[in-house]
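Enquirer: Sequence:
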Amino acid sequence: MKKNLLRNCAVLTASVTLMAAIVTGCGSTDNSAVAGASRSESSADASEAITLTDTDSAESINDVKVSAPFFTKGVYVNYASEAENPTKDYFYVFSDDSYGYTEDGSNGASVPFDCEQEDDTVTFYFGSTTSNSFTSVLHVKSTDNGVIVGEFDDDGIELVFEPVSDADPDSFSAMNYISIDNEYVYEDPNGWKVNYLGDKFEITQKDNQVFMVYTGESAGTNMITVTYEINITAEDAINELAKSWGDNVTVTRSIFPNTEVDGYWATLPPAENGVGMYQTAISRDYMDGCLIFEVTGHNSGDDALDMEVGDALAMIIDSITFINE
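So the sequence shown is numbered by my numbering: it starts at 17 and just counts up by one.
Check before you lean on any hint, since a few could be wrong.
Simulated crosslink set (EDC-like; lysine to aspartate or glutamate; CA at most 20 Å straight-line) [said to hold, decoys possible]:
| hint | residue 1 | residue 2 |
| --- | --- | --- |
| 1 | 157 | 134 |
| 2 | 157 | 113 |
| 3 | 209 | 199 |
| 4 | 89 | 170 |
| 5 | 222 | 203 |
| 6 | 157 | 170 |
So the derived label-pair ranges between C-beta atoms look like this [as the list claims (entries may be wrong)]:
| hint | residue 1 | residue 2 | range |
| --- | --- | --- | --- |
| 7 | 285 | 338 | 24 to 32 Å |
| 8 | 259 | 99 | 55 to 63 Å |
| 9 | 167 | 88 | 18 to 26 Å |
| 10 | 148 | 321 | 52 to 60 Å |
Hint data in this document are derived by calculation from the structure and do not stem from the laboratory. Glycine included, C-beta positions come from ideal geometry on N, C-alpha and C.
Please take these sequences and the hints and turn them into a complete structure.
Expert: Printed below as a string of structure tokens:
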């Protein structure tokens, strides 16, 4: 609107000047050259006025300030704008436009944050909004197709926040997203995590159980079921499970993988011919109850195939890690 108004004013000024020249010319027949010159100069002035107005408008368009909110629910990969071939392994995950977390894809380290978006700034409260949090203000310089460029006031490095269109903020894992060797990480809300082959397992969670089902070529069902039971000890839980498997079960006590706490094992081997179902379970006391990892496998008789499946299942058990221990 401002551009059109300035343009109209310039044209009106030129028209008034032109009319004055014409009136002056009518007063004397000898002033036709002067009138022509006046008309020419007036046209040039009008043209110049319009050109300047267009330039001013273009500059004003380029100088339009971006305004909040800049970040919406989604995942943004973060890197320095001056970096050549950035690794793109650090992410800001926004659960909505007011909070989320950062996650380092190289090691899985994560920091929660709250944020306030207003005018051309985003104030991050890393950790929480309490006085113990670390506060940093991002000054947004530009946005283009969702890509946000800005600088934090405490370092002055120009950063890029690029949206990751194929990432779901509700289930995003930075380590899984950048995984090259297909080794993914499952982190459970109850404080444990495991590694698994991303193209070989489908993981679902329901109530107090997690189901890790092998989806590669195999015979029968091959899976790991993880159960968190309250108000029962690990020893009692493994004994109850072993009893339900029949008479060929062996129960032993040993150290739970990757810990220094007691673990309890129940093992049901396959049939004597080596073909068929087998089961193994390990449990440990955990929080207000116990945690049980139950392996169910089926041998096909093809040694190479069975070994591939067994290694994939063993990889999960061998990688069990407790986050808060």
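Enquirer: Evaluate each hint against the coordinates.
Expert: Hints, verified against the model:
Of the supplied pair hints, the one linking residue 157 and residue 134 holds, its CA atoms being roughly 13 Å apart against a limit of 20 Å. Straight-line distance between C-alpha atoms of residue 157 and residue 113 comes to about 18 Å, which keeps the hinted pair within the 20 Å bound. Pair hint residue 209 plus residue 199 holds up; C-alpha atoms about 13 Å apart against a cutoff of 20 Å. Restraint check: the Cα-Cα separation between residue 89 and residue 170 comes to about 25 Å, which exceeds 20 Å; the hinted pair is violated.
Distance check on the hinted pair: residue 222 and residue 203 sit about 15 Å apart at the alpha-carbon level, within 20 Å; holds. Distance restraint check for residue 157 and residue 170: the Cα-Cα separation of roughly 16 Å lies within the 20 Å cut-off, and the hinted pair is therefore satisfied. The supplied range of 24 to 32 Å is met by residue 285 and residue 338, whose beta-carbon atoms lie about 29 Å from each other. With their beta carbons about 60 Å apart, residue 259 and residue 99 fall inside the hinted range of 55 to 63 Å.
For the pair residue 167 and residue 88, the supplied restraint of 18 to 26 Å holds, since their beta-carbon distance comes to about 21 Å. Remark: the range hint 52 to 60 Å for residue 148 to residue 321 is upheld by a beta-carbon distance near 54 Å.
In this structure, the one hint that does not hold is number 4.
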